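Peer 1: The chain contents come next:
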Amino acid sequence: MSNHLTHESEANMGQHQTATAAQPAAPELAAIEFEPLSRGALIARGALGAAALYGAIAAGPLVRRAFAQMGDGDIEILNFALTLEYLEAAFYERALDEVDLGSETTEFAQTILGDENEHVAALEKTIDSLGGKPVTAPMVEFPFSDEAAFLKLAQTLEDTGVAAYDGAAPAIKSKELLATAGSIVQVEARHAARIRLARNEPPAPNAFDPTLTQQQVLKAVAPFVKS
Amino acid sequence: MSDTTTPEEQDSALTRLTRDPISRRRFVAAAGGTTAISALLVACGDDDSGSSASSDDMSTTTTEMSRSNDAIAQFGKGDIGILNYALTLEYIEDDFYSDVIESGLFKGDQLALIQTFGKDEAAHVAALTQTVRKLGAKPAPKPKTKFPLDDAQSVLELAATVENLGAAAYLGQAPRIESAAVLAAALAIHAVEGRHAAALNTLTEQSFVPDGAFAKPADAATVLDSVQPFLVG
Chain W
1 MSNHLTHESE
11 ANMGQHQTAT
21 AAQPAAPELA
31 AIEFEPLSRG
41 ALIARGALGA
51 AALYGAIAAG
61 PLVRRAFAQM
71 GDGDIEILNF
81 ALTLEYLEAA
91 FYERALDEVD
101 LGSETTEFAQ
111 TILGDENEHV
121 AALEKTIDSL
131 GGKPVTAPMV
141 EFPFSDEAAF
151 LKLAQTLEDT
161 GVAAYDGAAP
171 AIKSKELLAT
181 AGSIVQVEAR
191 HAARIRLARN
201 EPPAPNAFDP
211 TLTQQQVLKA
221 VAPFVKS
Chain P
1 MSDTTTPEEQ
11 DSALTRLTRD
21 PISRRRFVAA
31 AGGTTAISAL
41 LVACGDDDSG
51 SSASSDDMST
61 TTTEMSRSND
71 AIAQFGKGDI
81 GILNYALTLE
91 YIEDDFYSDV
101 IESGLFKGDQ
111 LALIQTFGKD
121 EAAHVAALTQ
131 TVRKLGAKPA
141 PKPKTKFPLD
151 DAQSVLELAA
161 TVENLGAAAY
171 LGQAPRIESA
181 AVLAAALAIH
191 AVEGRHAAAL
201 NTLTEQSFVP
211 DGAFAKPADA
221 ATVLDSVQPF
231 LVG
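From first to last, the protein sequence lines are chains W and P.
The numbers in the working numbering rise by one with no breaks, and the one at position 172 of the first sequence is 172.
The numbers in the working numbering rise by one with no breaks, and the one at position 179 of the second sequence is 179.
Since the hints were derived computationally from the structure, they do not count as laboratory data.
Remember, it's a predicted structure, so these values are computed and weren't measured experimentally.
Just so it is clear, CB atoms sit at the ideal spot from N, CA and C, and this is done for glycine as well.
There's no promise every hint is true.
A short, non-exhaustive set of chain P residues, derived as facing chain W with CB atoms under 8 Å [to be verified]:
1. 136
2. 139
3. 141
4. 206
5. 209
6. 221
7. 227
Output of the computed footprint for chain W on chain P, the stretches with three or more beta carbons under 8 Å from beta carbons of chain W [claimed, not checked]:
8. 75-88
9. 155-166
Estimated spans, in silico, between C-beta atoms of each pair [said to hold, decoys possible]:
10. P:232 - W:107: 19 to 25 Å
11. W:98 - P:152: 38 to 44 Å
12. W:137 - P:210: 37 to 43 Å
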């Protein structure tokens, strides 16, 4: 956090109750990172930029194919979540295998990888038990080679994961599945906060976590999917 | 999502839409790519009722569940009871951070973090109050609170405890919420409470994921028992 923020916050001590719901949690930081676009718009724009950068302009086919094999209703949502969890698990596995990470980062990355693997296993099992067909794990590729780049992308992926679950959850019909999705999304939010702390970023940048639609999420992750 | 609904689902969604001003379909239309709270307020409009029936859901009737439902009932019926219960918890959190900031125990980066979390809780209080009013009900009264603020370390630990409890409280209510719009708003707050909890756990050298890969919910009776020591009068 910048000195500017700290000093201004001290000057405003005791006045925080005058904050309104519409205000971002940290207006100064929000101004740097998000204005004038909403987070959703920013992620969508980032995906388009990244797609151009890495020559993966074919975001469309992935989105279409992903939707085609997902099934209906709750199974569709579970397969959507499974796709993201596969991606996250592969991401941390690659980082731990191939990147020279400090001991603190290694420790929490291992914890997070363990969580993502458990999410994958639980989602596969649930889809099976509902008579659905779990989607196959996508082939992925991530553009990072050092710890800083890994952490930056990890933050984006985890924030996107939270927005994806929170965006999809209200459409879940089964109360049991909704409870499971809720217990997963809280863990994704905790991952995001841990990674943000490691990057000296605000752990909770908004008073209300934003949501993304499935289409927005699949577009955002398309640059990392090879097939 | 809506692209793949079966005719049968569309029927029931239409039925809900005509019956209920905050139906799932209307909410989803309002929600695309924005924050859940703004979508909630759009979906609520000036209408004054707010619950979409969800009779297709399996219901659990364990003793624990009914104890929890009794605890919620004092705050109102259905979603309004849940919102007022959440509002009460947010009031307590907001008060807590105000007292912590006034205590002078923190400065620099830690103070800035605490102020940010306090602002989040104040925003939650404002949004929940507004939502209860939009649903035509009376917001729960602000409770009187008192917290042990002895030293920075114990206060950070208490903050971590309070935030972990808050996250578990929202998680415990999520499956009980009837309106999709209210659910979306609760989930948007739930994730923020989880972020606060993880940050405070890290600062106090506890695991940022204390429940492992799946966060555990807490029922209302347990949560209200836990905050009882901080209430006065």
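Peer 1: Could you work out which of the previously given hints the structure breaks and list their numbers from low to high?
Peer 2: As far as the earlier hints go, 1, 2, 3, 4, 6, 7, 8, 9, 10 and 12 are violated by this structure, in ascending order.
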